[in-house]
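**Student:** So the chains spell out like this:
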Amino acid sequence: MSRAAAGRAVGLAALVLAAVFPLVVRSATWQNTVILMLMVAQLGVAWNILGGYAGQVSLGHAVFFGTGAYVSTLLALRFGITPWVGMFAGAGVSAALAVVIGWPCFRLKGHYFAMATIAVGEIVQAVVNGWELLGGAVGLSLPLQNTGFWFMVFNRSKLPYHYIALGLLLFTLGVNWLVTRSHVGYYLRAIKDEPDAARSLGVSLTRYKLYAIALSSGLAAMGGTLYAQKELLIDPGSTLSTSLSIKMSLVAIMGGVGTLAGPVIGAVLLTTIEEASRLGFGGTGRGTDMVVYGLLIVVIAVYQPAGVLGWVKQRFPPKAAPAAPGPGGAR
Amino acid sequence: MLLLQTILSGVLIGLVYALVAVGLTLIFGVMDIVNFAHGEFLMLGMYASFWGFALWKLDPLFTLPLTALLLFGVGAALYRVVIRRITDAPMLSQIFTTFGLMILFRGLAQYFWSPDFRSVEGSVLTGKVAFAGLQFGLPQVVAALGAVATSGAVWWFLRSTRLGAALEATAADKEAAALMGIDAQKMFALAWGLGAACAGVAGALLSTTFPIFPEVGASFILFAFVLVALGGFGSVAGAFWAGILVGVVEVVGGFLWDPAYKLVLVLSLYLLVVWLRPQGLMGKA
Amino acid sequence: MSTTFRASLLAALLGAALPATAEDVTIGVIYPLTGAAASTGLELKNAAQLAADLINGTEKSLALPMVGGGGLPGLKGAKLKLVFADHQGNPQVGASEAERLITQEKVAAIQGCYFSSVTQTASQTAERYGVPFLNDSSSSVGLTQRGFKWFFRTTPNDELFVQNAFEFLKDLEKRKGIKVKRIAILAENTEFGTGAARLQEKYAKENGYEVVEKILYPPKGTQLTSEVQKLKAAKPDVVFQSSYLSDAILSMRTYKDLGFLPTALLANDAGFNDSEFLKTMGKDGNYVISREVWALDLAALKPVIGKANDLYKARHGVNFNGNSARAFTGMIALAEAINRAGSTAPEAIQAALKATNLSADQLIMPWGGIQYDENGQNRKGAGIIVQVQDGKYVTVWPAAAGTKDVVWPLPAWEGR
Chain S
40 MSRAAAGRAV
50 GLAALVLAAV
60 FPLVVRSATW
70 QNTVILMLMV
80 AQLGVAWNIL
90 GGYAGQVSLG
100 HAVFFGTGAY
110 VSTLLALRFG
120 ITPWVGMFAG
130 AGVSAALAVV
140 IGWPCFRLKG
150 HYFAMATIAV
160 GEIVQAVVNG
170 WELLGGAVGL
180 SLPLQNTGFW
190 FMVFNRSKLP
200 YHYIALGLLL
210 FTLGVNWLVT
220 RSHVGYYLRA
230 IKDEPDAARS
240 LGVSLTRYKL
250 YAIALSSGLA
260 AMGGTLYAQK
270 ELLIDPGSTL
280 STSLSIKMSL
290 VAIMGGVGTL
300 AGPVIGAVLL
310 TTIEEASRLG
320 FGGTGRGTDM
330 VVYGLLIVVI
340 AVYQPAGVLG
350 WVKQRFPPKA
360 APAAPGPGGA
370 R
Chain R
1343 MLLLQTILSG
1353 VLIGLVYALV
1363 AVGLTLIFGV
1373 MDIVNFAHGE
1383 FLMLGMYASF
1393 WGFALWKLDP
1403 LFTLPLTALL
1413 LFGVGAALYR
1423 VVIRRITDAP
1433 MLSQIFTTFG
1443 LMILFRGLAQ
1453 YFWSPDFRSV
1463 EGSVLTGKVA
1473 FAGLQFGLPQ
1483 VVAALGAVAT
1493 SGAVWWFLRS
1503 TRLGAALEAT
1513 AADKEAAALM
1523 GIDAQKMFAL
1533 AWGLGAACAG
1543 VAGALLSTTF
1553 PIFPEVGASF
1563 ILFAFVLVAL
1573 GGFGSVAGAF
1583 WAGILVGVVE
1593 VVGGFLWDPA
1603 YKLVLVLSLY
1613 LLVVWLRPQG
1623 LMGKA
Chain X
248 MSTTFRASLL
258 AALLGAALPA
268 TAEDVTIGVI
278 YPLTGAAAST
288 GLELKNAAQL
298 AADLINGTEK
308 SLALPMVGGG
318 GLPGLKGAKL
328 KLVFADHQGN
338 PQVGASEAER
348 LITQEKVAAI
358 QGCYFSSVTQ
368 TASQTAERYG
378 VPFLNDSSSS
388 VGLTQRGFKW
398 FFRTTPNDEL
408 FVQNAFEFLK
418 DLEKRKGIKV
428 KRIAILAENT
438 EFGTGAARLQ
448 EKYAKENGYE
458 VVEKILYPPK
468 GTQLTSEVQK
478 LKAAKPDVVF
488 QSSYLSDAIL
498 SMRTYKDLGF
508 LPTALLANDA
518 GFNDSEFLKT
528 MGKDGNYVIS
538 REVWALDLAA
548 LKPVIGKAND
558 LYKARHGVNF
568 NGNSARAFTG
578 MIALAEAINR
588 AGSTAPEAIQ
598 AALKATNLSA
608 DQLIMPWGGI
618 QYDENGQNRK
628 GAGIIVQVQD
638 GKYVTVWPAA
648 AGTKDVVWPL
658 PAWEGR
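Chains as they are written, first to last, in the numbering used here: chain S, 40 to 370; chain R, 1343 to 1627; chain X, 248 to 663.
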């Protein structure tokens, strides 16, 4: 079996596993953990379009996540518009905002760009924090009582949230896949790897970077709507913080930057580490969970800078002959 | 008069920001790595001063050279153990290594020293400096002077010593420096040691006024980032002047406008500057 | 003979012969155990644990409900088992942890979470699952306005605290023949500070005071010079301040350095009443006035307060404070209800909580008792006003509880 085919097989298996998981495992805690994984994975994939494929490291993506959460929640609270519509409205607003932010910031490169996005993120958080219309520091909360498909709020059952999160992840992966197959993806790779050559060939770097940030931010905003619908409380501290922005990029890096499956793998890994260290040591109140979490991040970043997928590529180089041709696995 | 007092207060705190940023920009200039764990060096410097005072009644001002030495060791050791392995890694892995270190250090501080707030009470540095109707806390004034002296010493070291010149040469061109017989590994370790020592000194200077707790680095790191980018990545002089500018803008802006948006003001100024001049105030294009 | 009958007969026979072997009653307790508020979270955790240990123990010297019963007599001497969880100050984590405690640890009830935002999401989860949630230490007004059926709050909320502060001011003006005119508000700009500032502004205007400055500042900054300069320029008589610990310390030092001295500083609990505050501030912390829910000198009126505090101090080396005393009280109130319910069925506990009627002398708080209204808010809660005198918090209001006279105005910083 070629590596690509093996990859497809693993992907399919993962999809089947994700689809049946909540039907088999009935523990709400486990179900919730998997939903968190799916949500973080979706954000990582969205981030990856800009940060991985276009090579523009944004550490302010929480702005777009928050935009999605605030737009859909405001529409639901003020005008009774269903979050299903709000989700796309949020994505649109977020994409427009991303272009406004992206246009000046793309003048900057490398570290300068990353630092500027942190600054933008902090500015937006501070402004929303003082903005009464958006609930200020208290934030906005959706009523627990309005449940059902229309409100995208579900009572005890985790199944709807699970499948919405999974659907959103697949949608995001699909968009990502389409991008990589299109000429946009081609130019993005050129911009990332050979910016000077790309420019000399007449590729408008800024235009394609703007495409990437618009898509990336729109998808992140959809994740924000889902968060708002699941937790029913959004405030600047939890939806617009720099630590959230960093988490989005962290999952992509752990799994493998600029790859389709990387952020998903990273999300599984990071969520597992987070939950395990908190459940294992969090109740002690001695910071042991932070020690474990921090140490693992360092170890992964140092020893596997290309992420889990980088490791896979090292172990199974593409040219290698079929290792163990399974039934129908021969090339 | 109130305005003058406010401006000078801004200068005082700005000088401390500058010292933290000088360490950060030194590391960046030599290695192209942004150290997210830099605030934790400051935190360690504070705790070193605190324990010196709590255990042996040694004033933070007297233990300052020891704190600097200790943090130099921490920085250099960190380079040898961890950072050395990511010298040529992509920017993202570098960011996340130092980000992980930041969390690790905070966790360790909480583990060993508890999350309690500590402070140094009854240091020789208490009292006020008053003149011409202006008044400042003595610790702030000493901290600012100490920051100027330390930043100046780093600047002098880079300009006027052979070791400093070797460090600058490595920063400018690794390969060329290697051809001249400069050991890049040693230079990198030196940069991390010096960078950590600067933050540690800043921590020691702040320990008499600022509460000490595991997460204290978080308050300063954002300013340090802004200063490094504003001054120009790798420019020690740039970070220094940017520190003063940012301190004044923050304090005066908060006073004249709304304190809720003092950070917004600083960050907007920073974005405006790098938009007009992407390499920062004193960075090389 | 049916199996059930045989089993119950057996149980009855055994029960007579053997000491009860009831299952433990598990209670989930969620506090911030890492992050910026970890120090407070640990105090809350320690206090809740002390309450549980006293209830499980047989030492009866402390005259509080349930204490010394060797467990819950209503459940055949079942022991309380606390499972602690860390919410890290993050609402999403709080909700996840509540869910884990309910589904995995099968807790009978949850207590927490200190942060109002986390209490909001965690209690949402409890509401969804129909598990009683006892909120011991969050004072945001909105929490009990959500129409929840499983939410019970022992502590008074911010509105009452702010009312108290103005009653205190009015009392003082009458008693001392002084006149306060100009009020300034300084508050950190997250949920806690902005909410308090809004209420303070409202009540200040209603009571005929002039609000000369209202400053909302970003918390945990590196300096508060601009804020203090603004205060200085506004020349207020009284400053109302809501700050967490690091800002409380920094602001006091800045006041002193810049020579800012209002007639009085009225703090809104939080950082000013943290165990670390006076340790850090030393003499400079003297004469701060703060709203509180608990003070050690109340032991003069209620000896049980002193005894409970001795136990806490013997274990942890510090006195109770408003937060830890509330966590302790929350656990007692929760255990008392579960015991009365005689079962760990959620509906039984919910009904017992609704019927709770603890009297003033059953508490280590200066409250009229614990009795929940239809929203789950304890209607008998009350606040007190304390002032730091000689490095101790002493109660100065209300007169009934007041043990010392208030020092007014603030003496100069120098020569204290």
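None of these hints come from the bench; they were simulated from the model. Heads up, some of the hints might be wrong.
To be verified - Quick list of the computed label-pair ranges, beta carbon to beta carbon:
(1) Ile120/S <-> Ala607/X: 44 to 52 Å
(2) Lys328/X <-> Asn185/S: 30 to 38 Å
(3) Arg195/S <-> Trp1398/R: 55 to 63 Å
(4) Glu406/X <-> Asn194/S: 40 to 48 Å
(5) Gln410/X <-> Thr245/S: 54 to 62 Å
(6) Gly1475/R <-> Lys426/X: 24 to 32 Å
(7) Lys449/X <-> Arg195/S: 34 to 42 Å
(8) Lys449/X <-> His222/S: 57 to 65 Å
(9) Arg195/S <-> Glu406/X: 55 to 63 Å
(10) Arg1426/R <-> Asn194/S: 32 to 40 Å
(11) Glu406/X <-> Phe60/S: 42 to 50 Å
The C-beta atom is built at its ideal place from N, Cα and C for all residues, glycine as well.
**Student:** Run every hint past the structure and note whether it holds.
**Tutor:** Right, here's what the structure says about each hint:
no.: 1; hint: Ile120/S <-> Ala607/X: 44 to 52 Å; in the structure: holds (50 Å)
no.: 2; hint: Lys328/X <-> Asn185/S: 30 to 38 Å; in the structure: holds (36 Å)
no.: 3; hint: Arg195/S <-> Trp1398/R: 55 to 63 Å; in the structure: holds (59 Å)
no.: 4; hint: Glu406/X <-> Asn194/S: 40 to 48 Å; in the structure: violated (31 Å)
no.: 5; hint: Gln410/X <-> Thr245/S: 54 to 62 Å; in the structure: holds (58 Å)
no.: 6; hint: Gly1475/R <-> Lys426/X: 24 to 32 Å; in the structure: holds (30 Å)
no.: 7; hint: Lys449/X <-> Arg195/S: 34 to 42 Å; in the structure: holds (39 Å)
no.: 8; hint: Lys449/X <-> His222/S: 57 to 65 Å; in the structure: holds (60 Å)
no.: 9; hint: Arg195/S <-> Glu406/X: 55 to 63 Å; in the structure: violated (33 Å)
no.: 10; hint: Arg1426/R <-> Asn194/S: 32 to 40 Å; in the structure: violated (53 Å)
no.: 11; hint: Glu406/X <-> Phe60/S: 42 to 50 Å; in the structure: holds (46 Å)
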